[in-house]
Amino acid sequence: MFRLARPGKSSLRRRCALLAGLMLFCVTALRAERLQLLGVEGELHDSVLAAIVLAAEPCDAPRWRVQRRLRDLDREAETVLRAFGYYQPTIRKALQWDKDCWRATIAIDPGEPVRVTTLDLRIDGAGRQDPEFQKLRAEPGIEVGQVLRHDRYEALKQRLLDLASERGYFHGRLLVHRLEVDPSRHTAVIRLHFDSGPRFRVSKIVLSGNRIDDAVVRRLLKIRPGDFYSTQAVLESYRALSDSGYFEQVDIEPDLERLGKDSVPLTVSLKPRKRHAWQFGLGVSSDIGVTGSVRYQNRRINRFGHRLSAEVSLSPVRSHGAVEYRIPLLGSHWRSFDAQGGWRQEETEGVRSDTFTAALRLAGKRGGWDETPFIELQRESSVVEGEPVDSTLLMPGISWERRRIDDLLRPRSGRHLRIELRGALGGALSDASFVQATASAAFLQPLGSGVGKARLHLGTTQSSDFGRLPASLRFFAGGDRSVRGYAYRSLSPRDAEGDLTGGAHLIAGSLEYEHPILKDWGAALFADAGNAFDSMDDGIKVGVGAGARWYSSVGPVRMDIGFPLDQSRDRFRLHFSFGAGL
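Take the position in the sequence shown, starting the count at 1, then add 2; the result is the number in the numbering used here.
Hints listed in this document are in silico derivations from the structure and should not be mistaken for laboratory results. Mixed in with the good hints there might be a few duds.
What the hints assert, rightly or not - Here are the simulated distance ranges between beta carbons:
# : residue 1 : residue 2 : range
1 : PRO274    : ALA441    : 35 to 45 Å
2 : GLY113    : ARG241    : 44 to 54 Å
3 : ALA548    : PRO274    : 41 to 51 Å
4 : GLY294    : SER49     : 52 to 62 Å
Stated by the list, open to error - Mimicking DSSO-like on lysine-lysine, the simulated pairs with C-alpha atoms at most 27 Å apart in a straight line are:
#  : residue 1 : residue 2
5  : LYS276    : LYS224
6  : LYS137    : LYS159
7  : LYS137    : LYS224
8  : LYS224    : LYS206
9  : LYS159    : LYS263
10 : LYS224    : LYS273
11 : LYS206    : LYS263
12 : LYS206    : LYS159
13 : LYS224    : LYS367
Beta carbons: idealized from backbone N, C-alpha and C, even for Gly.
Take the sequences, apply the hints, and build the full model.
So, in structure tokens, the structure goes:
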């Protein structure tokens, strides 16, 4: 159920926003009309103008106050000019009055700038050999010969202190921090002498609030006793603990009150999540209709961190149920061992399948990819080409997946890559032999104020027993996330009677541009192409169209109208789906 905002409030908000924008424009225009600043440009002009208090005086300000502000103007402007390296400016002012307002003209000749002639940057202590401090010393952001900028000098000081804190130099301090300026010679000497002191190692890690075995938590940490302290390692540890699903709150801090000679304890404070969790969902898409789902999780079956999850999802086209038991692993590469069981039922145009699966999976990371080797036993009863196909297959396989997205609610940048290999050998608990490979890639890229999207799905099956493969291992195209303009899984080879048979190969791609039109709305144009086929003679189907995007509080809602560019029985097709499309 959707609840609409009351028209009065919405209208009032729009009017207030419009009024505020007009007021800001008018104030800016009036300031420019009252005070004209000449002789400086760009960032320097804007900084000087922002520092001049006179610019904020209204037209009806008393004359004595305007004249006092004019006297103060030299000091205000000179302070900013010095910060930009101009120590000997010439400032000329003119003030006049007319019947409506005062008018001031300020002409500034900044003069010759002060330049850095010496940069004496010295790093002592253990940090002298630290590659990060060496990099900072090689690229300090200030060069001899540059016009002096006070903000760059202050930034360099802060970078030294921040780097010391980030890298565990808790006794680091600036012994000398001096800026020597000779305005008459237009020269500046910068002296920064930093003593890092020792680099501290983590002496021990103290856990509090933990309700699972400490070994499970310590495995998730990216920092160990004996390691040098590093805020990067602490941040990675925080993310790993937060993403583990065990904890509602995570705090990791060095205990600076208990500093040793060259070591520091690390305190990890944890607040566990509730053990039991239920989730209920209701969704809708034009592919499978209205979907209802329920999910249960037991996040801590025992102190070893074992977890149990179960899920059921029902819709008119596709329904499934699954149970998973997950055991965390303490190895450096593999994160968990999963035992899974499931059931899936799907019915589309002329194709029906009932599938039962049991699988064992390992989950790990390799080079930034999620790596999952598995072995799956599948029993499927399906109807393809009007004929029943019953099969049992024991399928070893492996998948690699990588995903990055900047914002789940309103994404502008991201990518999703996935590769999977699986197969079976006839006679080895399998009714058919085959090898199958699938790959998919999706990208989001900002294009001006809009977003460009590209998507590609590829699949191929090599088998001498293709006719014995069930529907779930055959390829179909068409639908919301495939080729729009065509019904869900309606594209594949057909037999002599016109029934879908499923293809041995798949190719489907999409290009889309999305442009914002209102705060929470966007418009899109797209072109999709692809097909499932046994040979390229089957041809590629193309669909084009346009759509609307609503950026709701729970994620993007996608509404499209697609037009097939062939003799399809549908002149157009409406598509409705939820999510970022990655």
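Tested hints:
Here the CB-CB span from PRO274 to ALA441 is close to 39 Å, well matched to the stated 35 to 45 Å. Against the hinted window of 44 to 54 Å, the Cβ-Cβ separation of GLY113 and ARG241 comes to about 51 Å, which satisfies the hint. Taking the beta carbon of each, ALA548 and PRO274 are about 48 Å apart, inside 41 to 51 Å as hinted. Checked against the given bound of 52 to 62 Å, the beta carbons of GLY294 and SER49, roughly 59 Å apart, stay inside it.
Our distance criterion of 27 Å between C-alpha atoms is met by LYS276 and LYS224, whose separation comes to about 25 Å. Using a Cα cut-off of 27 Å, the hinted pair LYS137 and LYS159 holds, with the two alpha carbons roughly 15 Å apart. For the proposed pair LYS137 and LYS224, the alpha carbon gap of about 24 Å is at most 27 Å, so the pair holds. Simply put, LYS224 and LYS206 have alpha-carbon atoms about 14 Å apart, close enough for the 27 Å limit, and the pair holds.
Straight-line distance between C-alpha atoms of LYS159 and LYS263 comes to about 26 Å, which keeps the hinted pair within the 27 Å bound. Our distance criterion of 27 Å between C-alpha atoms is met by LYS224 and LYS273, whose separation comes to about 19 Å. For the given pair, LYS206 sits about 14 Å from LYS263 by alpha-carbon distance, which is consistent with the 27 Å threshold. For the suggested pair LYS206 and LYS159, the alpha carbons sit about 31 Å apart, so the restraint of at most 27 Å is broken.
Taking the CA atoms of LYS224 and LYS367, the gap is near 14 Å; set against the 27 Å cutoff, the hint holds.
Comparing the model with each earlier hint shows a violation of hint 12 alone; every other hint is respected.
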